[in-house]
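Novice: Protein chains in written order, with our numbering: chain A, 1 to 569; chain R, 1001 to 1569; chain D, 2001 to 2288; chain L, 3001 to 3288.
Certain hints may be false.
To be verified - DSS-like mimics (lysine-lysine), calculated; alpha carbons at most 25 Å apart, straight line:
(1) 29(A) / 131(A)
(2) 116(A) / 25(A)
(3) 25(A) / 2128(D)
(4) 2128(D) / 29(A)
(5) 3240(L) / 2253(D)
(6) 3187(L) / 3060(L)
As the list claims (entries may be wrong) - According to the in silico footprint, chain D covers these stretches of chain A (three or more CB under 8 Å from chain D):
(7) 45 to 59
(8) 223 to 232
(9) 242 to 251
Claimed, not checked - Sample of chain A residues lacking proximity to chain R, with all beta carbon distances greater than 10 Å (derived):
(10) 10
(11) 21
(12) 102
(13) 106
(14) 113
(15) 151
(16) 152
(17) 195
(18) 198
(19) 200
(20) 387
(21) 428
(22) 429
(23) 456
(24) 510
Just so you know, these hints were derived from the structure itself, not from any lab. Note that the structure is a prediction, hence the values are computed from the model and not measured. Every residue gets a Cβ at the ideal spot worked out from N, C-alpha and C, and that includes glycine.
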Amino acid sequence: MKEMGNGGRADVNLVVSGAAGQGIKTVEKLLGKLLGRTGRFVFSTKEYMSRVRGGSNSTDLRVSAEAVDCPVERVDLLLALDGPAIGHMERRITEETLVVASPGDLEDRVGIRARKAPVDLEGLAEEAGRKVYSNTVAAGVAAGVLGLPLEECLPVLEGFFGDPDSEDVKGNTKAFKAGFEKGGDLDAGLEIEPGEAAGMLLMSGGDAVGMGALAGGVRFICSYPMSPSTAVLVFLARHARRFGIVVEQAEDEISAVNMGLGAWYTGARAMVTTSGGGLSLMAEGVSLCGMLETPMVFHVAQRPGPATGLPTRTGQEDLELVLHAGHGEFPRIVLAPGTLEQAFALTARAFMLAEKHQVPVFLLTDQNLMDTFYQVRELPLDDVDTTRFLAEAGEDYRRYSLDEGPPSPMAVPGSGTGLVCLDSDEHDEEGHITEDLDLRVRMVDKRLGKMEGIAEDVLEPELCGEGSIIVVSWGSTRNACLEAAALTGRDDLAVLHVCQPYPLSRKVGEILEGADAVITVEGNATGQFGRLLRDLTGITPDAEILRYDGLPFRADTLAEQLSSQLEGI
Amino acid sequence: MKEMGNGGRADVNLVVSGAAGQGIKTVEKLLGKLLGRTGRFVFSTKEYMSRVRGGSNSTDLRVSAEAVDCPVERVDLLLALDGPAIGHMERRITEETLVVASPGDLEDRVGIRARKAPVDLEGLAEEAGRKVYSNTVAAGVAAGVLGLPLEECLPVLEGFFGDPDSEDVKGNTKAFKAGFEKGGDLDAGLEIEPGEAAGMLLMSGGDAVGMGALAGGVRFICSYPMSPSTAVLVFLARHARRFGIVVEQAEDEISAVNMGLGAWYTGARAMVTTSGGGLSLMAEGVSLCGMLETPMVFHVAQRPGPATGLPTRTGQEDLELVLHAGHGEFPRIVLAPGTLEQAFALTARAFMLAEKHQVPVFLLTDQNLMDTFYQVRELPLDDVDTTRFLAEAGEDYRRYSLDEGPPSPMAVPGSGTGLVCLDSDEHDEEGHITEDLDLRVRMVDKRLGKMEGIAEDVLEPELCGEGSIIVVSWGSTRNACLEAAALTGRDDLAVLHVCQPYPLSRKVGEILEGADAVITVEGNATGQFGRLLRDLTGITPDAEILRYDGLPFRADTLAEQLSSQLEGI
Amino acid sequence: MTMAYRHGTEGLDMAWCPGCGNFGIRNALLKALEDLEIPAEELVVVSGIGQAAKMPHYIKCSCFNGLHGRALPPATAIAVCNRDLTVIAEGGDGDMYGEGGNHFIHCVRRNPDITHLVHDNMVYGLTKGQASPTSMIGFETPVQPEGVILRPFDPVAVAVALDASFVARSFAGDPDHLSGIIVEAVKHRGYALVDILQPCVSFNRVNDYDWFRENSFEVGDDHDPTNREAAFSLAVGSEKLALGVIYRNEDRKTFEEQQPVWEEDGTPLFRRGPDLEELRRLAGEYEV
Amino acid sequence: MTMAYRHGTEGLDMAWCPGCGNFGIRNALLKALEDLEIPAEELVVVSGIGQAAKMPHYIKCSCFNGLHGRALPPATAIAVCNRDLTVIAEGGDGDMYGEGGNHFIHCVRRNPDITHLVHDNMVYGLTKGQASPTSMIGFETPVQPEGVILRPFDPVAVAVALDASFVARSFAGDPDHLSGIIVEAVKHRGYALVDILQPCVSFNRVNDYDWFRENSFEVGDDHDPTNREAAFSLAVGSEKLALGVIYRNEDRKTFEEQQPVWEEDGTPLFRRGPDLEELRRLAGEYEV
Ligand SMILES: Cc1ncc(C[n+]2csc(CCOP(=O)(O)OP(=O)(O)O)c2C)c(N)n1
Ligand SMILES: Cc1ncc(C[n+]2csc(CCOP(=O)(O)OP(=O)(O)O)c2C)c(N)n1
Ligand code: SF4
Ligand code: SF4
Ligand SMILES: [Mg+2]
Ligand SMILES: [Mg+2]
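Can you build the whole structure from these sequences, using the hints too?
Specialist: Written as structure tokens, this is what we have:
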């Protein structure tokens, strides 16, 4: 298990908060670049309201000389871009927190128990040329506080703001410098030394899934915009020309999934990206996928429900949905990455598995994973299995042949002289509608029989640590669980991370069988993975740590929850 | 447990088979009336292809002097209206079966090992006036074979075919008489004595659900046609004017569920009727129902899937679908009637429960229940709970008040001076969109908290018999399980029928805890109820009897399956 | 009686961007409701999801803020179940013509007595700037980086083709015109579409206030809105967008008027209980 | 090369009722395919669910017989992923204008190079006789016992309003006319709608062969199908239904033509693998 969180200044958690439209995103991107370039590690996550302007949002940037990959509750440095931001962050502000805000905003909040650092962000920005540079001033303050070398920062600024001779670059540079100076002057004791971050790749969850899709050979994506899944659609749209992909925005999610199946019928590897509500609408399409045995990859980025719920927040409430979406019975696969590398690798793998087993594959992520970014050493490109599983349609081709498989060899129309017929009704071997009830039984058995091959391809869980009390994590909570377990300081803990919830590796049961206690950690209110665990392994968790307020698990507070649960065990 | 099936002629199973369009339905209706009027009990079920003309369909009419309420495999008398019908029924024909068919058709099938009774149905019909009277001739043969008193039959014929002086009545009467004579002449030994059936109500599953809806106070139904659920829509359309109901055919299922929610928002009790595929499309609406806490009744008549599957056949494949349809987490209720009386009572109850607990209630039936008919003594009208649970919208009304409940009192717009605001986003007490994450948690807890009240209203399972080996049945398989258990002749068997799969009464666990062995019977391939049982009670069935060829369980063959399972236990 | 227009903006945390056309639409709507003197408790605004669809949270009314794309079905049901209520369905162009396109078609066919306000900003606002069904060809977005290639949906032409009983277009930048049109639409007996041109200052830099002004014209007095072919020509005959009442067909009966439930009894359905006696009679009819 | 028209009816268990208009449509379709000389293995018929949607099982072709209402999305995707294939989407009026109404609208906007054949029998056949979107007012069914009250959907008028690139109507009772129209539709570059009047002898006793004959007329030579307003007038100007090519707009580009994937490379997508080298370069761009 990772060794971290010695309580000292191994890392600084910096939060930028302000209204939508105030340019938090620019600060976050710029600081990300600056930190990476100067050799620091950075982890970022954000929380924001479902609106375009106003309100209060925040982005965490956790900075360290060592790799960091999950959020903490603790705020060491708060850059408040407006007054409401201080109120918004109030709960996370402690006496240790250094709050940088304009003097007026800070005064209005006399109550807060924090190290106050009044900096006239707007004033400095205006001095540098324009009020809108405030966010650049803030970035400068952060860079100053963190002790970045100014000379290494300046070239990055130029690249970031465009043409070096432009007014904009000059103004921003001036603004940055002014902030930097203020930041240094604060003498906050929050400097972070450079680490080995040079040359690493700084990417988001959305990027990782997008690149995984490219590695998986995606040729077609059709979707309807829906937070937090749209990032993948945007990513592939940006690279459509370069990688030869048809990208289409559908009129609705139902069209999206049916188009996707059409595409894959022609052998073009296809995916859809959506969130829980969109997947609900696709449920009939999921069932169609099961019946046609046409592969499909569903990226489902979770957010809290029911219905519209909290559209820009995170949660893990849709595990049971992807397990059961669609009527009737047919096999499926559910993957749930816990890291950016897994997000890449499992997305690529989803395409392979879908085509190999001719089933719907669900890639289950969430806003927490989509909107996060941090450095990865490299993408496991060499491990990508690029095998194709397409047959040729010979003269007597029968799409649902019972002679081979399961699955029956899949050919695509135009690949030979044979015909390729799909039917959503129960069908005969050729793919024509049938009312032969014996054949029906054989077709059901064949479809369900694919579960055997699928089981052979199942991914094993990852066990970190030697302890006999096992914390079970699935999907995007992995890193927070690992760090939290370490933070408890207890060596009787181990963390088991499951990146394939369904079907579940036998190993999961075997490992948990031997545990003294099992604690599940989930981003929902009813313990869905716990139920699945009981169903598939017979093991009932001894304790559950559930969070369903729309925010991700954070290592430090999760560690406290773990500790208090452990007292009870 | 019911005493039945002594192997003698306690009952005759008569099957009418022929092509779609040949008038099987007329035979079935006419015989139903004749049998009832002459004091016989009759149970009917049918199986048919998804087409309007042609193919081969069949209707079973099981006739007895005692009450009969489930199908058997055994065929005592087959009325084959065309040649293919004999082939279609071949598997169920034994040496005991009396096959009535036209001489030509019978000859073509020299192979069949049956008691052959060539009757020139068409010829007799033509003699009576028109070839289309063939089915009436067939009905006459049946009446003759069963030994019905002709003089009691004739007045029924008149009522059935319309104006007594019309050509049609005369022709049909002639045809019937001709058939009757032939039937009597066959001396088949298949007479059935009259029983106590006089004055009972002969109705179908669709009728029972429809009348349950009327008892439940339905005021609005909006649906999209889908077999086998359309019967309920048609029933309510027929009675719309008489009972003051808005009946609307929607453009699609999504519209249907959203209209239903709109109706119930105004306090008009509403329902939708659909099948698995339609419910898949409604999944987002189910989630909306969960979030708005607006009641809704979903009648889901199951058929085999996935996708279009076998649209006119039966199955129990959508239990997990109704348990999990919709994203996010919220309470729900699932009811699954096993008899016509239950179909009536549970439908009425669904409206009460939906309004009381402000949750989606699923009434899960199937083609087996929808298309069956038999006699019931009376509908339990006096037991219907007609309580309403609507508040008035006072000046300061807050739809999602946290002060009372859960559930918060539900008022409807226009019921007072207050405003009634619903929101599919996470919302505050007034029903306005919120990003207050503490409030979010309280709202989740409130919604899920309704499960407690729901648990108090849970229906207990029905335990029949004293045996220590328990056969577990849910939904429409009840009667077949009961009779099958009796047919095994073993007194160590008991049958436990569950009419409310979710939430499940504690009694189910308690009863099964004490069993020596548990055998589940389900109309699906993966044992969905068995999984639910394990999840909710920790009990894993010792054996499962699963059928997924689209046909219902039949008492005699199910008895054999039970016996052979019992050998293994 | 609480008037729907009572709400100011103070105390309201409105999620719209400064300068957004939605403010103009809100002002016009409040003005229209004031003119119409509809009590708040008799007004139900039904909306979907999107920036436009947040409207019911910003005025004084009962509301059903349901799913993205699904405002029209509940609006129809509400109107038919309680005829004492005034029902407005409101939302964005994505909401109503994209995800909700099928309900649009069939709602027009049904002709319930509701007013349909569509904030047509030619973009998806809430989800940050993808193309909407009404986006112009060539419009660049993160999902359409090389520009939109689908032909824009013309709601007015389609509504005329569907023989909608009232079809109008107005502009968020002209609240007087808009409120007048809304008053007419609400007064109209039957389904009334008002497609409202609405600048989105955050995600649509092409179709801004000026663009809309330059690319629209007011329907002249010489136009006969009861002439369907003329209405169609008006809708498609020019590059510019016609503003005003483009079509009306007063001959169509409403959905509600044709329901047996309303023939003899005006009681809202929620006040009617089950008739168990009649049901007993019906059950009796099953006696063989 | 196997010709699509090779199939006879012998050996086929066709689920249509004797006398159904679907037989005429099938004959016309086979004739058209014969005339067009499309090899069976290059033909994909995409259909939904309904009596009409069973067509691909009765001719020689590859097929994607998907969900009720959902033929157009897969048809579009198939056309754009493999341009060597000829794609026909086929189904009933309920399928295409009811459940599938939203796809109809947006498919027309997208303009993929597909042919859209709609068997318009003004009723739901397979589910035994409920009203369809095109059923006439007053049409009585088990679900509409007092007769249909919704205004019938006019696919031709709506398609013209959507500026579909090819809009035609024909009649199952006139296979010659119909096969000629189908040939034109398939040859047309882009989306082509053929609304086919089809008698349903089992569930629609009103709109039978005679009714259709009496209530339709052939478009005259004087009609200019490129004139959109004239096309609209033709669609709505008469009580009777116009038969023939009513509208065409050859100026519209197809969906496929505008895809970067097809700009330089004609290889069907299934023959293209992932480009891991280019991906390696892309990953490199994430180096900070
Ligand atoms: C089923 C579903 N799909 C997608 C979304 C995401 N979504 C929310 S609003 C919206 C579009 C907003 O555009 P529009 O309707 O034009 O409203 P605007 O914000 O422009 O006013 C989308 C795609 C959703 N909420 N539900
Ligand atoms: C989602 C869904 N809803 C409903 C159905 C049931 N259904 C099958 S075909 C059909 C309508 C058939 O009418 P139409 O499309 O006009 O075809 P026709 O049979 O008249 O040729 C319906 C409602 C279904 N298969 N799927
Ligand atoms: S995003 Fe556009 S439509 Fe939405 S509030 Fe802002 S300006 Fe208005
Ligand atoms: S039901 Fe109607 S449409 Fe279907 S096959 Fe029979 S006649 Fe044709
Ligand atoms: Mg919009
Ligand atoms: Mg039809």
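Novice: Any of the earlier hints contradicted here, and which numbers?
Specialist: The structure breaks none of the hints.
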